[in-house]
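The lines below spell out each chain.
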Amino acid sequence: MIHPNFPKAAIVAALTALPILPAHAVAQDKNTYSTIERGLYLTRAGDCAACHTSDPEKPYAGNYPLATPFGTIHSSNLTPDDATGLGKWTADDFYKAMNEGKRPDGSGLYPAFPYTHFTLVTREDSEAIFAYLKTLEPVSQKVEKPGFPFPLNERVVMKGWNALNFDDRKFTPVDGKSAEWNRGYYLAEGLGHCAMCHSPKNMLGAEENGAAAYTGGMAEGWFAPPLKAHGNAPGLSDWSKKDVSDYLKYGRNEQTAAFGPMADVISKSTRYLSDPDLEALAAYLTDLPNTQEKDNTKTGSTQEAASSDTGKLVYDTQCAACHGAQGEGVKLQFAKLAGSNIVQSDNPTTLLRVILEGTKAVPTAKYPTPHAMPAFNWKLKNDEVVAVANYVRNAFGNSAPAVSSSDVEKLRQGS
Amino acid sequence: MPMTRRALLAGASLLAFSTAVQARTYSGGIPWKAARSNPPEIFDPEARFFTPEERAFISAAVDRLIPADDFPSATESGVVTFLENQLSGAYGRGDIYYMKGPFRKGEPTQGYQSQAPGILYRQAIADINTLLKSEQNKSFTDLSPDEQDTFLMRLSEGKAELEHVDGKTFFDTFWQDTQLGFFGDPVHGGNRDMASWKMLGFPGARYDYREYVNHDGRKLSFEPVSVAGNFMKEAH
Numbered sequence: 001m002i003h004p005n006f007p008k009a010a011i012v013a014a015l016t017a018l019p020i021l022p023a024h025a026v027a028q029d030k031n032t033y034s035t036i037e038r039g040l041y042l043t044r045a046g047d048c049a050a051c052h053t054s055d056p057e058k059p060y061a062g063n064y065p066l067a068t069p070f071g072t073i074h075s076s077n078l079t080p081d082d083a084t085g086l087g088k089w090t091a092d093d094f095y096k097a098m099n100e101g102k103r104p105d106g107s108g109l110y111p112a113f114p115y116t117h118f119t120l121v122t123r124e125d126s127e128a129i130f131a132y133l134k135t136l137e138p139v140s141q142k143v144e145k146p147g148f149p150f151p152l153n154e155r156v157v158m159k160g161w162n163a164l165n166f167d168d169r170k171f172t173p174v175d176g177k178s179a180e181w182n183r184g185y186y187l188a189e190g191l192g193h194c195a196m197c198h199s200p201k202n203m204l205g206a207e208e209n210g211a212a213a214y215t216g217g218m219a220e221g222w223f224a225p226p227l228k229a230h231g232n233a234p235g236l237s238d239w240s241k242k243d244v245s246d247y248l249k250y251g252r253n254e255q256t257a258a259f260g261p262m263a264d265v266i267s268k269s270t271r272y273l274s275d276p277d278l279e280a281l282a283a284y285l286t287d288l289p290n291t292q293e294k295d296n297t298k299t300g301s302t303q304e305a306a307s308s309d310t311g312k313l314v315y316d317t318q319c320a321a322c323h324g325a326q327g328e329g330v331k332l333q334f335a336k337l338a339g340s341n342i343v344q345s346d347n348p349t350t351l352l353r354v355i356l357e358g359t360k361a362v363p364t365a366k367y368p369t370p371h372a373m374p375a376f377n378w379k380l381k382n383d384e385v386v387a388v389a390n391y392v393r394n395a396f397g398n399s400a401p402a403v404s405s406s407d408v409e410k411l412r413q414g415s
Numbered sequence: 001m002p003m004t005r006r007a008l009l010a011g012a013s014l015l016a017f018s019t020a021v022q023a024r025t026y027s028g029g030i031p032w033k034a035a036r037s038n039p040p041e042i043f044d045p046e047a048r049f050f051t052p053e054e055r056a057f058i059s060a061a062v063d064r065l066i067p068a069d070d071f072p073s074a075t076e077s078g079v080v081t082f083l084e085n086q087l088s089g090a091y092g093r094g095d096i097y098y099m100k101g102p103f104r105k106g107e108p109t110q111g112y113q114s115q116a117p118g119i120l121y122r123q124a125i126a127d128i129n130t131l132l133k134s135e136q137n138k139s140f141t142d143l144s145p146d147e148q149d150t151f152l153m154r155l156s157e158g159k160a161e162l163e164h165v166d167g168k169t170f171f172d173t174f175w176q177d178t179q180l181g182f183f184g185d186p187v188h189g190g191n192r193d194m195a196s197w198k199m200l201g202f203p204g205a206r207y208d209y210r211e212y213v214n215h216d217g218r219k220l221s222f223e224p225v226s227v228a229g230n231f232m233k234e235a236h
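Residue numbers (my numbering), protein chains in the order written: chain Z, 1 to 415; chain D, 1 to 236.
Heads up, some of the hints might be wrong.
What the hints assert, rightly or not - Facing chain Z, a subset of chain D residues (Cβ under 8 angstroms, in silico):
no. : residue
1   : Arg36
2   : Glu211
3   : Val225
4   : Ala228
As the list claims (entries may be wrong) - Derived BS3-like pairs: lysine-lysine, alpha-carbon spacing no greater than 25 angstroms straight-line:
no. : chain 1 : residue 1 : chain 2 : residue 2
5   : Z       : Lys134    : Z       : Lys268
6   : Z       : Lys88     : Z       : Lys102
7   : D       : Lys33     : Z       : Lys268
8   : D       : Lys133    : D       : Lys159
9   : D       : Lys198    : Z       : Lys312
10  : Z       : Lys201    : Z       : Lys170
11  : Z       : Lys312    : Z       : Lys381
12  : Z       : Lys242    : Z       : Lys366
13  : Z       : Lys379    : D       : Lys198
14  : D       : Lys219    : Z       : Lys312
15  : Z       : Lys170    : Z       : Lys159
16  : D       : Lys198    : Z       : Lys381
17  : Z       : Lys336    : Z       : Lys366
18  : D       : Lys33     : Z       : Lys366
19  : Z       : Lys145    : Z       : Lys96
20  : D       : Lys198    : D       : Lys219
21  : Z       : Lys241    : Z       : Lys366
22  : D       : Lys33     : Z       : Lys381
23  : Z       : Lys96     : Z       : Lys134
24  : Z       : Lys102    : Z       : Lys145
25  : Z       : Lys134    : Z       : Lys145
26  : D       : Lys168    : D       : Lys138
27  : Z       : Lys142    : Z       : Lys268
28  : D       : Lys33     : Z       : Lys379
29  : Z       : Lys242    : Z       : Lys177
30  : Z       : Lys381    : Z       : Lys410
31  : D       : Lys33     : Z       : Lys410
32  : D       : Lys33     : Z       : Lys336
33  : Z       : Lys145    : Z       : Lys201
34  : Z       : Lys366    : Z       : Lys331
Keep in mind the hints are simulated off the structure, nothing from the lab.
Glycine included, every Cβ here is placed at the ideal spot set by N, Cα and C.
Just need the whole structure built from these sequences, with the hints factored in.
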């Protein structure tokens, strides 16, 4: 068949046919339309814009201030500007940054750049991304130096950090898992760098691995919920593959709607992914090794919370109209609270922020007008926020440790 | 089919229209900012419109209109605070009314036709005390409760001739405002502790009754709720 849109069709075929493209399959001119288009796709898959586009008028020009527990770091300029961007970089330089976290001069990049994940990205994918970045309009954008205290301001310390926390891995498909699962593994662990937010971090700011991986972590002042059962939170254990792929594609599924930093991820990254890649991610993420069963034992204080008069009164009068008298929500409209991962997470930050500040869902092609939840910071006193938070954490079959008034006060001061 | 002049023109105009107007899909929603909201204005307990003498008149009069029984009186319920807030604000200034000429006597069916409510109250209280001074050499607050009732009844029937304002217009306005204070949301200063809502069994600012659609008229006994919240029992 002669296809009038040959290059696009080729990309779709390339993206859908093979979970991982072997080297010889893409042995072609790196500046072809298909390579560049694939580079754009992968750049989106990596959500590079989240940190590297500070001003929408200057895509990928960097200098986005990223607050870390160690200080604020500004992202690099990825446009091909000779003086301030990647203009003088070669594809080798770029691959070295992706694969080893090193700059062309050999000095270490800070791991706010997820090279700990991008090390898995294949050479071919790295080159496609680089080919795409080369097509961007060069923008002269100086990048501020990292505001780290001594000795972290010396890049040489990254040698020690890398020795402790960096594993220069190559992607190798896991035997016994489907090609789809392996594609999901490659995307989630590599470009997708999901664990950057969804895993807890150690004192050095590195993600914890093994049993702790994907048990939830703090990111940008929000608690990114666990993706596997942890404490009382079910993770994605009760989400279907369709729930996961719908969530990533449309920002909404039958359980909930995305908000906060994840809304940005969907808006800038995952909504662009192909259906096979979304299904691959879903296959991988719903199959994370569960290290525990959901803990349904309630302590005395949380049992009390579930029957608290104030908590129930606040819920019934303020929340139930959308979230349902039994926390059942409204499918594809309002989040279900019964069985909710975020509601039952050990760390209540996200739940409390949602109650205090409200949230807004993300507009996507399928749901162009997102719902917003109003802020209750003006209406509920700290003790009332505590009462309703503890109520939803322990009503409708939920269970989770009690939150305290000081948790609420801290967030109020921060917002 | 031969192209007619009419079809050609229709086609041309359609073409012009379709090139000038581009289909656009709008996405997004109403502006939204985290932690921002538009909460109701909460009354100021210190707000003052009345002079001490006027306040004494108002306090005595509202408690004749709504005296204490099993439930609190108007003053106990905060009606005076409500009136102080309303009359010292936009309502008292008549901001919601057209206040310019021509000035003609309106029909009762034409709604409120008097001066700014603040001026009406101030003038009416002064006129009432002038009238009572001339008739009984007493001010309203010097009357016994029964005498006060008699006078208010007379005012309500339009049988008290006031010097500057219409007595019945004042009474009707004052009576309506008193009820608004007594039955309105506590966020405005009256209906303290939602006492009148408890009296009526009114549930207040709740917004979803789907659960009770098939409740078949049985009593629900809801705890009332203000638009401004206040859910803690101990805070009442």
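We went through each hint and held it up to the structure:
1. Arg36: Holds. Min distance 6 angstroms.
2. Glu211: Result: holds, 5 angstroms to nearest chain Z Cβ.
3. Val225: holds (5 angstroms)
4. Ala228: holds (7 angstroms)
5. Lys134/Z <-> Lys268/Z: OK: Lys134/Z and Lys268/Z at ~20 angstroms, within 25 angstroms.
6. Lys88/Z <-> Lys102/Z: holds (15 angstroms)
7. Lys33/D <-> Lys268/Z: Holds - the C-alpha atoms of Lys268/Z and Lys33/D are around 19 angstroms apart, at most 25 angstroms.
8. Lys133/D <-> Lys159/D: holds (17 angstroms)
9. Lys198/D <-> Lys312/Z: holds (19 angstroms)
10. Lys201/Z <-> Lys170/Z: holds (22 angstroms)
11. Lys312/Z <-> Lys381/Z: Roughly 15 angstroms separates the two Cα atoms, so the pair holds.
12. Lys242/Z <-> Lys366/Z: holds (15 angstroms)
13. Lys379/Z <-> Lys198/D: holds (21 angstroms)
14. Lys219/D <-> Lys312/Z: holds (19 angstroms)
15. Lys170/Z <-> Lys159/Z: holds (20 angstroms)
16. Lys198/D <-> Lys381/Z: holds (23 angstroms)
17. Lys336/Z <-> Lys366/Z: Between Lys336/Z and Lys366/Z the Cα gap is close to 20 angstroms, so the pair holds against 25 angstroms.
18. Lys33/D <-> Lys366/Z: Holds, because 23 angstroms separates the two Cα atoms, which is no more than 25 angstroms.
19. Lys145/Z <-> Lys96/Z: holds (21 angstroms)
20. Lys198/D <-> Lys219/D: holds (13 angstroms)
21. Lys241/Z <-> Lys366/Z: holds (18 angstroms)
22. Lys33/D <-> Lys381/Z: With Cα atoms ~20 angstroms apart, Lys33/D and Lys381/Z stay inside 25 angstroms; holds.
23. Lys96/Z <-> Lys134/Z: holds (16 angstroms)
24. Lys102/Z <-> Lys145/Z: Distance ~16 angstroms between Lys102/Z and Lys145/Z Cα, so the pair holds.
25. Lys134/Z <-> Lys145/Z: holds (24 angstroms)
26. Lys168/D <-> Lys138/D: Satisfied, since the Cα-Cα distance of roughly 21 angstroms is no more than 25 angstroms.
27. Lys142/Z <-> Lys268/Z: holds (24 angstroms)
28. Lys33/D <-> Lys379/Z: OK: Lys33/D and Lys379/Z at ~16 angstroms, within 25 angstroms.
29. Lys242/Z <-> Lys177/Z: holds (19 angstroms)
30. Lys381/Z <-> Lys410/Z: holds (13 angstroms)
31. Lys33/D <-> Lys410/Z: holds (20 angstroms)
32. Lys33/D <-> Lys336/Z: holds (23 angstroms)
33. Lys145/Z <-> Lys201/Z: holds (24 angstroms)
34. Lys366/Z <-> Lys331/Z: Given that 25 angstroms is the threshold and the Cα spacing comes to 15 angstroms, the pair holds.
Every hint, counting from the list given before, is met by this structure.
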